[in-house]
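Colleague: Per our numbering, the sequence shown starts with residue 1, numbered consecutively.
There could be a bad hint or two in this list.
The following label-pair restraints were derived from C-beta to C-beta distances [unchecked claim]:
#1 Asp93 / Gln159: 16 to 26 Å
#2 Ser92 / Gly201: 30 to 40 Å
#3 Thr104 / Asp135: 11 to 21 Å
#4 Gln76 / Ser106: 28 to 38 Å
#5 Gly158 / Gly201: 33 to 43 Å
#6 Phe101 / Gly158: 13 to 23 Å
#7 Arg96 / Asp164: 21 to 31 Å
#8 Arg204 / Glu123: 30 to 40 Å
#9 Asp93 / Glu157: 14 to 24 Å
#10 Glu157 / Arg124: 38 to 48 Å
#11 Thr122 / Ser99: 28 to 38 Å
#12 Gln76 / Pro103: 35 to 45 Å
#13 Glu91 / Thr209: 16 to 26 Å
Note that these hints are calculated values from the structure, not bench results.
Treat the numbers as computed from the prediction; the structure is a model and nothing was measured.
Where is the CB? At the ideal position from N, CA and C, for every residue including glycine.
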Amino acid sequence: MPPRAIRAGRSPFATATATCVTTAGTAWDVAEGPANLLQRAPRSNDRSGCLLLDILRPWRIRPMTTSTLTVDGEVQSPLVLTHEALAGFDESDQVRDVSRFHPTRSGDGVTLESILARVGPTERASYLTLHATEDDFAASVPLDPIRGEGILVYTVEGQPMTLDQGGPFRFLIKDPAACHTDELDDCANVKFVDRIELTSGRGRDTRPTDDDEHEELHRRQGEDGEGQAT
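Take the sequences, apply the hints, and build the full model.
Modeller: See the structure below:
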């Protein structure tokens, strides 16, 4: 069953345009909004191989990323969620000011449980895999221990999250110790999330497998500010 899209109105953020050219030579109009938020408006149906030149930092060319979250896999009702749809969740589903749980993070989110309630995990679902297309990162963790502790951060100061803020979405675990499992570590807090996949066993996981790799990952993060961060 293909995911169904949940959207809530037209985006108010577009203020200017830049141009994105695909590897096939097809041009796209790209709207630029606040905080370097770039939105795609294709001139044709060819979306393959699109690279986006960051016009505020022209030395960087980065792959075009999605501003939606796909939730699929072992679920009864796959979803595609936008920032506006998440903002429309009930207040009881919202987590205001995530810095209460992670002092180095900011923004608002929704509970993982509220997302799961909408997609309906199947009886076979036992793992949750977080995918980040931006840096090809994935982390797969047991579903039951984290379903009451997970938060999906979707907004900072009322605006959609930019890539520089870890967007389009960031996954945080309120209290990993409360999950009582050795399969969680700092790298289970994932930025650039654009897909949550439920699986019947452990899914794709690119987290470091030993202490040296883990230390090297965080050393690189400290040097260049890129890559996955906790």
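Colleague: Could you see if the CB distance from Glu91 to Thr209 stays within 16 to 26 Å?
Modeller: Hint violated: Cβ distance 41 Å, outside 16 to 26 Å.
Colleague: Given a hinted range of 21 to 31 Å, is it respected by the beta-carbon distance of Arg96 and Asp164?
Modeller: 22 Å, holds
Colleague: Can the suggested window of 35 to 45 Å be confirmed for the beta-carbon pair Gln76 and Pro103?
Modeller: 37 Å, holds
Colleague: Is 30 to 40 Å right for how far apart the beta carbons of Ser92 and Gly201 are?
Modeller: Hint holds: Cβ distance 32 Å, inside 30 to 40 Å.
Colleague: Does the Cβ-Cβ separation between Gln76 and Ser106 fall within 28 to 38 Å?
Modeller: The hinted range 28 to 38 Å holds for Gln76 and Ser106, with Cβ atoms some 34 Å apart.
Colleague: Regarding Thr104 and Asp135, is the given constraint of 11 to 21 Å on their beta-carbon distance met?
Modeller: The hint (11 to 21 Å, Cβ to Cβ) holds, given that Thr104 and Asp135 are roughly 19 Å apart.
Colleague: Take a look at whether the Cβ-Cβ distance between Thr122 and Ser99 falls inside 28 to 38 Å.
Modeller: 35 Å, holds
Colleague: Determine whether the Cβ-Cβ distance between Arg204 and Glu123 falls within the hinted range of 30 to 40 Å.
Modeller: Once the Cβ atoms are compared, 22 Å apart, the range 30 to 40 Å for Glu123 and Arg204 is violated.
Colleague: Is it true that the C-beta distance of Gly158 to Gly201 lies inside 33 to 43 Å, as the hint says?
Modeller: 39 Å, holds
Colleague: Is it true that Asp93 and Glu157 lie within 14 to 24 Å of each other by Cβ?
Modeller: 20 Å, holds
Colleague: Looking only at beta-carbon atoms, does the pair Asp93, Gln159 fall within the given range of 16 to 26 Å?
Modeller: 20 Å, holds
Colleague: Taking 38 to 48 Å as the hint, is the beta-carbon distance of Glu157 and Arg124 inside that range?
Modeller: The hinted range 38 to 48 Å holds for Glu157 and Arg124, with Cβ atoms some 39 Å apart.
This entry does not satisfy hints 8 and 13, going by the numbered hints stated previously.
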